[in-house]
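Just so you know, the protein sequences line up as chains R and H, in that order.
Numbering (the numbering used here) for the first sequence: 5 to 121.
Numbering (the numbering used here) for the second sequence: 36 to 284.
In case anyone wonders, no lab produced these hints; they're calculated from the structure.
Ideal Cβ placement from N, Cα and C applies to all residues, glycine included.
Any given hint could turn out to be false.
[To be verified] To be clear about the criterion: a stretch of chain H counts as covered by chain R if any three or more of its residues have a C-beta under 8 angstroms from a C-beta of chain R, and this derived list gives those stretches:
| hint | region |
| --- | --- |
| 1 | 160-170 |
| 2 | 181-191 |
[Unchecked claim] Estimated spans, in silico, between C-beta atoms of each pair:
| hint | chain 1 | residue 1 | chain 2 | residue 2 | range |
| --- | --- | --- | --- | --- | --- |
| 3 | H | 152 | R | 105 | 47 to 55 angstroms |
| 4 | R | 109 | H | 110 | 16 to 24 angstroms |
| 5 | R | 113 | H | 224 | 42 to 50 angstroms |
| 6 | H | 207 | R | 23 | 33 to 41 angstroms |
| 7 | H | 270 | R | 24 | 54 to 62 angstroms |
| 8 | H | 196 | R | 24 | 35 to 43 angstroms |
| 9 | R | 21 | H | 222 | 51 to 59 angstroms |
| 10 | H | 263 | R | 53 | 53 to 61 angstroms |
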Amino acid sequence: MPDEAPVTVAQAAGQLGLSAYAAGEAIDSAITGAVVSDLLSYVMANGKRGNVWVTIQTHSNIIAVAALAGLSAIVIAGGFEPADDTVARAEEEGILVFASAETAYTVAGKLWEIGVR
Amino acid sequence: MADRVPADLHVHTALSPCGGDEMKPAEILLTAEQRGIRVLGVVDHSTAQNGWAVAEAAQAFEVRVFVGLEIESAEGVHMLALFDDARAGMDLDALVAAHLPPLRNRPDLFGEQFLLDEWGEVLGTDERLLAAATDLSLEEIAGMTAAHGGMSIPAHIDRTVNGLLPLLGFVPPALRVDAFEVSRHMTRAEARVRWPELAERPLVAGSDAHYLDEIGAAYTWISADLAEAPVGVREWGQRLAREMTSFGD
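Please take these sequences and the hints and turn them into a complete structure.
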């Protein structure tokens with residue numbers, strides 16, 4: 005493991021070159037793990053507080069799911085972008101939303117590489 | 036040409052978290068009646084607990100009502116399970132309850148879930164996360180619905196959110212349902228062009244109304260004979276399937 009201290013959202017965003025769509029105070033919070041899924045129901049049931057969620061879903065329902073599970077951030081992969089109402093809802097709920105042009109597989113791999121467990 | 040009348044088999048009550056508080060039995064039925072809807076399907080996500088109230092209130096209206104649930108499968112696909120008897124709907128409700136995750140609703144995120152009586156009075160709320168998915172497969176849900184004497188219809192099969200075709204890419208060959216619902220965002224003719232495998236399948240259109248003004252936003256023309264057919268929902272579903280395969284859009 006490269007670092008003893010847990011990776012923060014800000015560090016991950018920087019190291020992965022993520023584009024920010026909805027920022028917030030939570031940007032300096034520690035990432036507790038990650039979940040990769042495009043099934044909202046899966047994340048509702050299995051997402052853990054502080055997790056980063058990697059998905060290609062872009063609709064506003066992802067924000068309610070992230071808020072329910074107490075996730076720290078959503079990374080929309082595959083070159084997709086969040087819908088306008090997704091960003092608006094994210095700002096209301098204080099959920100960080102990023103996007104990456106890389107595939108969900110690559111994003112997940114890079115999170116692992118920088119020490120997200 | 037036989038007389039045809041509109042049917043909207045997919046309308047929610049205020050028990051569904053995304054459903055507006057205005058979705059109360061008499062208001063739903065009055066709106067449907069005023070819009071000429073002669074057959075109505077009233078469902079809620081993961082539960083049929085308001086079904087009895089809707090069935091009770093329906094006695095005062097010229098609308099034939101089926102009640103039931105909209106169930107989310109493990110694959111994330113939504114399926115309507117409709118009954119003519121609120122009690123049969125509740126039998127399926129009990130089975131579904133055992134297959135939902137033990138999560139509580141967050142009304143601030145998903146909306147309130149109101150249990151209602153036939154007068155629209157709030158009796159309480161359902162505390163469970165009704166927006167969650169079951170761990171049941173589509174085939175299992177269809178089988179359970181049939182076993183309880185109901186009719187099953189995959190909901191809004193064209194929609195990327197919880198729609199069968201975008202999620203699975205195809206209709207599972209072993210799936211036995213009565214008809215497939217296309218949402219108000221696409222005509223059934225467009226759906227058959229987009230997904231040629233639907234050519235021979237019975238399609239219906241439904242509103243998925245969560246607010247009164249959405250009732251009848253999409254509907255299906257059915258024969259007046261079918262609308263009035265004095266048969267149970269299982270037989271009704273089979274007749275619907277035969278009609279919808281030949282009528283199209």
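Outcome of the hint check:
{"no.": "1", "hint": "160-170", "result": "holds (count 4)"}
{"no.": "2", "hint": "181-191", "result": "violated (count 0)"}
{"no.": "3", "hint": "152(H) / 105(R): 47 to 55 angstroms", "result": "holds (53 angstroms)"}
{"no.": "4", "hint": "109(R) / 110(H): 16 to 24 angstroms", "result": "holds (21 angstroms)"}
{"no.": "5", "hint": "113(R) / 224(H): 42 to 50 angstroms", "result": "holds (44 angstroms)"}
{"no.": "6", "hint": "207(H) / 23(R): 33 to 41 angstroms", "result": "holds (37 angstroms)"}
{"no.": "7", "hint": "270(H) / 24(R): 54 to 62 angstroms", "result": "holds (57 angstroms)"}
{"no.": "8", "hint": "196(H) / 24(R): 35 to 43 angstroms", "result": "violated (25 angstroms)"}
{"no.": "9", "hint": "21(R) / 222(H): 51 to 59 angstroms", "result": "violated (43 angstroms)"}
{"no.": "10", "hint": "263(H) / 53(R): 53 to 61 angstroms", "result": "holds (55 angstroms)"}
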